[in-house]
Amino acid sequence: MALEFGLSPDQESISDLFSSFLAKECPTEVVREAEPLGHSPMLWTALQGFDAPGMGLPVEAGGGGAALADLVVVAEALGRAAAPVPLVEHLVASRLHPEAAIVSGDLIATIALHPADGSGLWRLAPAGAVANVVIGIDGDETVAVHAAPPGVAPANHACAPIADRSARLGDRVVLGPASAFDRALAEWRMLTASALVGVATAALDIGLAYVREREQFGRTIGSYQAIQHGLADFPALIDGARFLAHKAAWAGDNGRVGAAGVIDMDEGEITEHCALASMAFLQAGEAAAVCTDRSLHYHGGYGFSKEYDIQLYFRRARGWANILGDPARERLRLADMLWPPPGSTAGVGAGRAITAGRA
Amino acid sequence: MEPELLEMLRSSLTKVLTERSSVALDVRLAELGWDDVVADDAPSALQALFEISGGTLSDADPLSPLLARSLAESLGTPELAAASLVLPSSLHPDELTSYVDGTSVVVSGVLLGPGPGPAAGSGLLVPVECGEGRIGLAHLVGATAADLGASHCAAVLEESGQHPARVEAVVAATDAVIFDGPEARAAWGTAVALGRWTSAAELIGIGTRVLATAVAYAGERKQYGRAIGSFQALQHRIASAHTLIVGARHIVDEAARRRDPWVALVAKAAAGRAAELTCTQAQQTYGAIGFTWEHEFHRYLRRSYLVDRRLGDWRTLEFEIGSRIQATGRAPRIGVL
Amino acid sequence: MIEHPAYPSPTAYAEALSGFLGSDPRVAPYLGYRPHDFEGGAAHLSNLQRLLFDEGWSRLGWPTRCGGLDGDPRFRAAMFDALWAHDILIPEAFTTLEILVPVLLVYAPHLADALLPSLLRGDEGWAQAFSEPDAGSDLAALRTRMEPDGEGWRITGQKVWSTYGHLARRSVLLARSGEPGHRGLTMVLLDLDQPGVDVRPIRAEDGENHFSEIFLDGAYLPADRVIGTLGQGWAIAMYMLQWERGAWGWIQQGRFHNRIERALEHGVPSPAAAAELGRAYALTTALRLRTRDTVNRLAAEETLGPEVSIDKLLIVDAELATWDAIRHHLGASFELDDELHWLRGEFFFSRAAPIYGGSQEIQRMLVAQRVLGMPRES
Chain Z
15 MALEFGLSPD QESISDLFSS FLAKECPTEV VREAEPLGHS PMLWTALQGF DAPGMGLPVE
75 AGGGGAALAD LVVVAEALGR AAAPVPLVEH LVASRLHPEA AIVSGDLIAT IALHPADGSG
135 LWRLAPAGAV ANVVIGIDGD ETVAVHAAPP GVAPANHACA PIADRSARLG DRVVLGPASA
195 FDRALAEWRM LTASALVGVA TAALDIGLAY VREREQFGRT IGSYQAIQHG LADFPALIDG
255 ARFLAHKAAW AGDNGRVGAA GVIDMDEGEI TEHCALASMA FLQAGEAAAV CTDRSLHYHG
315 GYGFSKEYDI QLYFRRARGW ANILGDPARE RLRLADMLWP PPGSTAGVGA GRAITAGRA
Chain V
-19 MEPELLEMLR SSLTKVLTER SSVALDVRLA ELGWDDVVAD DAPSALQALF EISGGTLSDA
41 DPLSPLLARS LAESLGTPEL AAASLVLPSS LHPDELTSYV DGTSVVVSGV LLGPGPGPAA
101 GSGLLVPVEC GEGRIGLAHL VGATAADLGA SHCAAVLEES GQHPARVEAV VAATDAVIFD
161 GPEARAAWGT AVALGRWTSA AELIGIGTRV LATAVAYAGE RKQYGRAIGS FQALQHRIAS
221 AHTLIVGARH IVDEAARRRD PWVALVAKAA AGRAAELTCT QAQQTYGAIG FTWEHEFHRY
281 LRRSYLVDRR LGDWRTLEFE IGSRIQATGR APRIGVL
Chain W
891 MIEHPAYPSP TAYAEALSGF LGSDPRVAPY LGYRPHDFEG GAAHLSNLQR LLFDEGWSRL
951 GWPTRCGGLD GDPRFRAAMF DALWAHDILI PEAFTTLEIL VPVLLVYAPH LADALLPSLL
1011 RGDEGWAQAF SEPDAGSDLA ALRTRMEPDG EGWRITGQKV WSTYGHLARR SVLLARSGEP
1071 GHRGLTMVLL DLDQPGVDVR PIRAEDGENH FSEIFLDGAY LPADRVIGTL GQGWAIAMYM
1131 LQWERGAWGW IQQGRFHNRI ERALEHGVPS PAAAAELGRA YALTTALRLR TRDTVNRLAA
1191 EETLGPEVSI DKLLIVDAEL ATWDAIRHHL GASFELDDEL HWLRGEFFFS RAAPIYGGSQ
1251 EIQRMLVAQR VLGMPRES
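Residue numbers (our numbering), protein chains in the order written: chain Z, 15 to 373; chain V, -19 to 317; chain W, 891 to 1268.
Incorrect hints may have been included.
[To be verified] Looking from chain Z toward chain V, a few residues come up when the C-beta cut is under 10 Å (computed):
hint, residue
1, 240
2, 241
3, 243
Calculated directly from the structure, the hints in this document are not laboratory data.
C-beta: ideal position from N, C-alpha, C; glycine also.
Chain Z with its partners taken away, still in its complex shape:
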């Protein structure tokens, strides 16, 4: 059996579709115009035009029937374009709460990454500034709350439309127990990982183009060893993160969640969706940080000027990876999943470990 590392024909066509759509509808002028909020209603409407908001739901639920393996490809294309639309959050939320207006994208939905606090607030929900529906954990339950979005976000360099949202005020629907939310968190990590892979890929594209063109001392700076060696690290970083995200998608599509997946560190075998999603998220954050940092550096002074595109990606690489919180804590949580501390049950139902911190 030959190992196949490329995209499947289905993934190829989705990738082509979104890449050409975004190339046309989302050049970097659109990204700039959408700042500082980080949301373009026009781009969202255009995405509705080909049913992207509901693509992650089964056909029988009125959706597009795309698998997670397809959605990671979409998320990567979004990241590569730095697209100012909350499609990652919406895709995840729609799978929890397939209401018609959400499937169509007439209402934007998102998820809150942390349980509501004592005052009933979901702190800094991604896309919280623009979403009409927020889904998250409040006490022991997973709830969806319909309410008007604030339309403004606290200033942040990533220009991410984050905002605090109430878990109590508005039309509130209970979707299930808190555990119903675990998969959503894993899917968000996985798709955000793919978006960050897209960011890193864009940093590579932009960096390569620049060092091939820029001349100093009578030659293109891309001919210098120092720069070649720096760029040569990118593909391994990017591919590593992409493979992890795709493996997480495969595990999710094949029901390998929690106890149905395998985490066997002695054999080095991990096929559990939530653990893989966390690994992908961490690796992609690292890849995006390193690639944007070096690519920016190779631009010299131009990297710092707003005119050049690399700064758009540099800021998002840091911001998107931080929305979940301190990556060091995510690493510790992953370590507990992979090597459960004595007496814990974290390794058995790895999905539970992800929300273990909420008590």
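Guided by the hints, dock chains V and W onto chain Z, whose structure is given.
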């Protein structure tokens, strides 16, 4: 010290530290007029001694006698000066691994000797925890390393010129003189600062030597029809290592002038990191030849690891520095104009 | 070394200055001041510059003929230390002075006598314009040219990354007066408030106008505005670099010490960030001691060589490590806390450390080849 005088001192020290001799280092240094030199300019003299010791992989042990003398002076007890010092073996330099437990002294640590060292029969000197976090010093008056079953570490370490031996033993408290007042804590603090500063100087000596050898090799070794040292990638590695060594050296110099525990702590952390990263860059420069037994590199690498570990390795010390800055909210400015 | 009659040492001077900063009510608006934008900050801090000049503090360390009160450069370094210790931002103009004034004193005494007093007092601001769109690290590739016009010259070309450019009245500038390569360059002092000069601010990634582009279309330069002689521009630029490294490095270490302390006033200290903080502090200490040495050598009127590239590399190491540690320490409040806008801004600007004033790659090459004697590329 005048530059010419320092140069002369350095060449005499190189001779003393590298010659094979059964005479104790103390005695040979004394023949050099060492006490006068130290009385005249201790910072320059000691720094030169330790730098050369590292740079030449000398197998003499100047540290134990230096610290024993410092402890003897601090405590006003001259007979301690000739004792052999058992350093704590823990990762965390401020946690002592030996302690006094009611009627016994539980010894766990490392002897840097026993190359030609202090006169036999002067006993062992052990920093000990005396309960409730009190730091003291136990002088095991009649004990020798052999009595306590000191066991030498792997022979391969001796390639580095160092002969550390582990000591794990229990001695009756009645066989020890124990200093456990506040003056013992202060004396140990002074000795640790002295040890960190001089060990930092030794690490600088190692790093400087390793870097110089790598630069020379890169200038001779040819690939693709040119010296490998002319390739950017290698130049940048070497330059970054040199930058770290120079930066660390400035702190070590300041530690020599100031004799301040905080400065010595920062100097040791910076020098340890500089030495380790320099070894990494140098090893890459040497290519495969650097992995052979024959090449001197592995001896310096082993030496740098041993010296780095002494009184706290650089990662632990960086954590220590950061924790203290967090606790006080202050980042003290070292060095005045 | 030149001592000052009023103060036996820079330290004594710094203590006296600290007394002033800590007690004079006119200093209050600058204690802990955080600008909301670059231009507002520059305007506010130019008042501080005037106050320090009028009270004599900032005049120490400069010769009397240019408006100073004598004393060697260590007094200036001591002033920066005292300002940071009181959490007072160093006016950008002081950095410019450190770089430009020594050059004028040596190579254009007539300009120094006439123009420096108002520059020291902050009555006008100056910029530095070296880089061009196609000549960053490769300064010898500069194309902006100067051509004779009567008694004077006409300058045409384009400059970029000119810090302070859009707020400056004049700029020190490198132009080509002769053959290609570094021998054909001349350094001049050009008035920016004239026809033929168009200065456009560049918005940096932190959203502020830190630097400018300068478009020159036949801008007029009187004959007496040439610094040094024709074709001496490269040599003067190299002379300038030694001041840039030492003084800038010293100013920056003061900033890093201060910012570590300010950052610890926010957020919760975590063991996870301790080691990174410790490393940042050690690197900052190395920078402090290194640049102290450099300042001392400049004070002793030694000529510095390629080893000043080490100062620059230590700035890079300390600057990146410090801001990485601060970002780590602050966690999510780094991104989100409105109150910390100024720390975020400084963080983003810190990413330029391996680029500004000669990239890290170029400095490493200089250290390898000129300091350590490694072979040039054949």
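Hint compliance check: list the failing hint numbers for this structure, sorted ascending. none
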